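Single-letter residue listing:
There are 2 protein chains.
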Amino acid sequence: MKKILNDPNETVEDMLEGLVLAYPEKLQRLPETTVVTSKNVPVTGKVGLVSGGGSGHEPAHAGYIGKGMLDAAVVGEVFTSPTPDQVLEAIKAVDSGKGVFLVIKNYTGDVMNFEMAAELAEAEGIKVEKVIVNDDVAVEDSSFTTGRRGIAGTVFVHKIAGAKADEGAELSEVKRVAEKVVANVRSMGMALTPCTVPAAGKPSFQLDENEMEIGIGVHGEPGIERKKIGKAAEIASELTEKIVRDREFSGEVAVMINGLGATPEMELYILNKNVQKILSEKGIHIYRTYVGEYMTSMEMAGCSLTLLQLDEELKSLLDAAADTIAFHP
Amino acid sequence: MKKILNDPNETVEDMLEGLVLAYPEKLQRLPETTVVTSKNVPVTGKVGLVSGGGSGHEPAHAGYIGKGMLDAAVVGEVFTSPTPDQVLEAIKAVDSGKGVFLVIKNYTGDVMNFEMAAELAEAEGIKVEKVIVNDDVAVEDSSFTTGRRGIAGTVFVHKIAGAKADEGAELSEVKRVAEKVVANVRSMGMALTPCTVPAAGKPSFQLDENEMEIGIGVHGEPGIERKKIGKAAEIASELTEKIVRDREFSGEVAVMINGLGATPEMELYILNKNVQKILSEKGIHIYRTYVGEYMTSMEMAGCSLTLLQLDEELKSLLDAAADTIAFHP
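Just so you know, the protein sequences line up as chains R and Z, in that order. Here the first sequence stands for residues 1 to 329, where the numbers follow UniProt numbering. Here the second sequence stands for residues 1 to 329, where the numbers follow UniProt numbering.
No wet-lab data here; the hints were simulated from the structure. In this text the structure is predicted, and so the values were computed from the model without any measurement. Note that beta-carbon positions come from the ideal geometry of N, C-alpha and C, so glycine has one too. Among the hints, a few may not be true.
Distance condition first, Cα-Cα at most 27 Å in a straight line; then the derived DSS-like pairs of lysine-lysine [claimed, not checked]:
1. K39/Z / K277/R
2. K39/Z / K202/R
3. K3/R / K67/Z
4. K227/R / K202/Z
5. K26/R / K67/Z
6. K67/R / K315/Z
7. K227/R / K3/Z
8. K67/Z / K67/R
9. K228/R / K242/R
10. K67/R / K180/R
11. K175/Z / K3/R
12. K242/Z / K228/Z
13. K3/R / K277/Z
14. K39/Z / K3/R
15. K202/Z / K202/R
16. K228/Z / K242/R
According to the in silico footprint, chain R covers these stretches of chain Z (three or more CB under 8 Å from chain R) [as the list claims (entries may be wrong)]:
17. 30 to 40
18. 272 to 283
Go ahead and model the full structure; you've got the sequences and the hints to work with.
So this is what it looks like as structure tokens:
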């Protein structure tokens, strides 16, 4: 295992310390928790936004904390859901009396633990609503999931629900735009290499030297097909066609080309060229493109493509100001 | 070779097309060149700032184009200096009559080609000044270099010289602050894995499964020592101690923890924890921390540490507004 670590069992603790030390003017950690929040929680008159999940997907989710996006991120062990008590601490910290909205990726553990925390919070008199993100069109049901998985499209939910909350909208309105994003966003990924959970010490699966896996999940869950590595143009075509067969896209879209961890930015731009060519041929207009690492799988080489169908409301919320470490409108 | 590519010999061309397609509101390519500029060059009343070098180091350098940083980046083939004619095109495009400032990393090819372009531009009546960045304390002279190499510290030169130019400063003043950064910045890197130049198709060197290289260059040039992989605390100590032995740091510094391409953000934050502990024990105050991929070597796993000694002027220029893809004050 070639990693920059101290004790592999203290990976998340070490990471959280290093993260908060890096951005002391923006982030804080709730004492004796794995919850990271912005410095000024709760924000009076604003719905609180909480997301989170297992770690190993950085910059998700703490990188999206800040004005116009999340108020808190709950950090689990690597590829492991955070526990309900941690989620509850986050909810309590960000509630200003206007309620708290949870953005949950569709993994069985996350859904169960975030919902349990919501019930506990409601028992304490806090209004809680949620959305479950299931943007990955690759497979129905998987190692960690019933239904479709939530992947990089989640970042668009953070951005748009966060912008709505920042306007002072009510909890029901934040929920409405979050559900609108979920209805309009689709993603699909592929991998060239596996990744290694530090405490396990070896890769969770293997891919041959000339092999790629289409439709893989962000924890290495199986995808649709293993095959010989294709050219960027073929990879772009496989990802794009699967997405547009799942949902009709037209008019204006946002495109996210997301690196899974080890993929050079150079390769993401090459993929972007091919994706944009395909979308252009289909008469789909690209309103915004985001290229970079938004939702990773540690050092996995590979990428995902996300398309978000836009309307005037979503465009305006997507472009609204935000001040976070990892997302820049 | 596991890469997302089309023709390996068209890597840079494909990347440039994908880059400009991603950010059409910010970037443009000069026709029939490998020069990328901001959309509004030349800016009246402002010194033009040009940098560049071989590709494979993304987001360097095109990611630093924008208000408050670079006006243009000249893009060479992978790990290969751009030619003087390309640099000349960049200089001509960004000159508003107030002169052009070149930020050059200290590699023999870059220095020669940028200097030749400067002479050609001066022959056309354009005032040109330059700075050569040599922040890497690891080795004197190397495969590509006479003297010390220029690595991630170059990004601080872009930021600070760019902020000064943005104030409307004269060419001599831009040069003064750029030289001040070079005098005050030091870096040191390490690698866990090699990387592969697409046209070569195989890694340029090998590291054993339990081996790391301290002091490696961003093209895989040899460092100081190959040894058994140490814990993050030991790596932090090796990098930090070498830097602070080279130059005395005190008062306030900026810290950059730079990933070389394949290193998960998680590991960079862990390293940051250990670096900050060491600096704190030495009584060095950290004014700003930047953690992420700023100057990469494609899919190399590893990192570099950069320290910049600050004073009031440098702090103010470092924090000045900038609008680029890859650097966010």
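Status of the hints after comparison with the structure:
Between K39/Z and K277/R the CA atoms are separated by roughly 22 Å; this keeps the pair inside 27 Å, and the hint holds. Our distance criterion of 27 Å between C-alpha atoms is broken by K39/Z and K202/R, whose separation comes to about 47 Å. For the given pair, K3/R sits about 36 Å from K67/Z by alpha-carbon distance, which is inconsistent with the 27 Å threshold. A hinted pair counts as satisfied when its Cα atoms are at most 27 Å apart, and K227/R with K202/Z qualifies at roughly 21 Å.
Annotation: proposed proximity of K26/R to K67/Z holds, straight-line Cα distance about 24 Å (limit 27 Å). Our distance criterion of 27 Å between C-alpha atoms is met by K67/R and K315/Z, whose separation comes to about 24 Å. Straight-line distance between C-alpha atoms of K227/R and K3/Z comes to about 14 Å, which keeps the hinted pair within the 27 Å bound. For the proposed pair K67/Z and K67/R, the alpha carbon gap of about 22 Å is at most 27 Å, so the pair holds.
Between K228/R and K242/R, the direct Cα distance comes to roughly 18 Å. Compliance with the 27 Å bound is thereby established for this hinted pair. Of the pairs offered as hints, the one joining K67/R and K180/R holds, with about 21 Å between alpha carbons and a cut-off of 27 Å not exceeded. For the given pair, K175/Z sits about 40 Å from K3/R by alpha-carbon distance, which is inconsistent with the 27 Å threshold. Only pairs whose Cα atoms come within 27 Å are accepted, and K242/Z paired with K228/Z is accepted, the gap being roughly 18 Å.
Of the supplied pair hints, the one linking K3/R and K277/Z holds, its CA atoms being roughly 20 Å apart against a limit of 27 Å. For the proposed pair K39/Z and K3/R, the alpha carbon gap of about 40 Å is over 27 Å, so the pair is violated. Restraint check for K202/Z and K202/R: the C-alpha separation of about 24 Å stays at or below 27 Å, so the hint holds. Between the alpha carbons of K228/Z and K242/R the distance comes to roughly 45 Å, so the proposed pair goes past 27 Å and is violated.
Counting residues of the stretch 30 to 40 of chain Z whose C-beta lies closer than 8 Å to any C-beta of chain R gives 0; at least three are required, and the coverage claim is violated. As drawn, the stretch 272 to 283 of chain Z meets chain R at 4 residues by the rule of a beta-carbon pair under 8 Å; at three or more, the given contact holds.
The structure fails to meet hints 2, 3, 11, 14, 16, 17 from the earlier list, while all remaining hints are met.
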